[in-house]
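*Asks:* Chain by chain, the residues:
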Amino acid sequence: EDQVTQSPEALRLQEGESSSLNCSYTVSGLRGLFWYRQDPGKGPEFLFTLYSAGEEKEKERLKATLTKKESFLHITAPKPEDSATYLCAVQAANNFNKFYFGSGTKLNVKP
Amino acid sequence: NAGVTQTPKFQVLKTGQSMTLQCAQDMNHEYMSWYRQDPGMGLRLIHYSVGAGITDQGEVPNGYNVSRSTTEDFPLRLLSAAPSQTSVYFCASTRTSGHAGYNEQFFGPGTRLTVL
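Protein chains in written order, with my numbering: chain A, 29 to 139; chain B, 4 to 119.
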């Protein structure tokens, strides 16, 4: 069964304190892994797509990496405006019409 | 370019009532989907459509119907609302990518539904 697990559930950081969020997945052939940001009361907003192990993508203070079993979202020197819930989703190669989401990591960056 | 729009933003229903959640996109995307988001459970796929006239079930389809008569619109119908359907509902549309098929999803602002 295709499954996505994110950890930790919540993370509190001081401004400037770098850290990583984890997304582990089990899927019968990965077609794509996606990271989204969700602010309270809003819909998720796309950040990155990763397709194969070893791939990396960067955007400002965020960097996403992918291995065969997990993905990391690295946050370097975070700012309070980075506070949000970060969601991970996978798309399986044998059923690419369906996307499976993890339950998210709620990040709080204190000034 | 409004992206993905959803109406209403909030709705309160009584058990047994029916209603339709509206979703529209102006990006000419073929793939559209409906999710529900519950605390601690992430987003779960209800139904999806790969084009006008084509729909299929996701993870949690029971109690919901969909149709897709145009590329732009993808309404979600609750046939007989139950308290277990209290949730936040998101509609999304997806552009295709030449690299790996369906790619990033664009989400609407959501509909917060309470069933009493």
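If you are wondering where the hints come from, they were derived from the structure by calculation, not from laboratory data.
Misleading hints may appear alongside valid ones.
Cβ-to-Cβ under 8 Å is the rule here; a few derived chain A residues that face chain B [as the list claims (entries may be wrong)]:
#  : residue
1  : Arg65
2  : Gly71
3  : Phe74
4  : Thr77
5  : Phe100
6  : Leu115
7  : Ala120
8  : Asn125
9  : Phe127
10 : Phe129
11 : Ser131
12 : Gly132
Note that beta-carbon positions come from the ideal geometry of N, C-alpha and C, so glycine has one too.
*Asks:* Of all the hints given earlier, name the ones this structure violates by number, lowest first.
*Replies:* 1, 5 and 7
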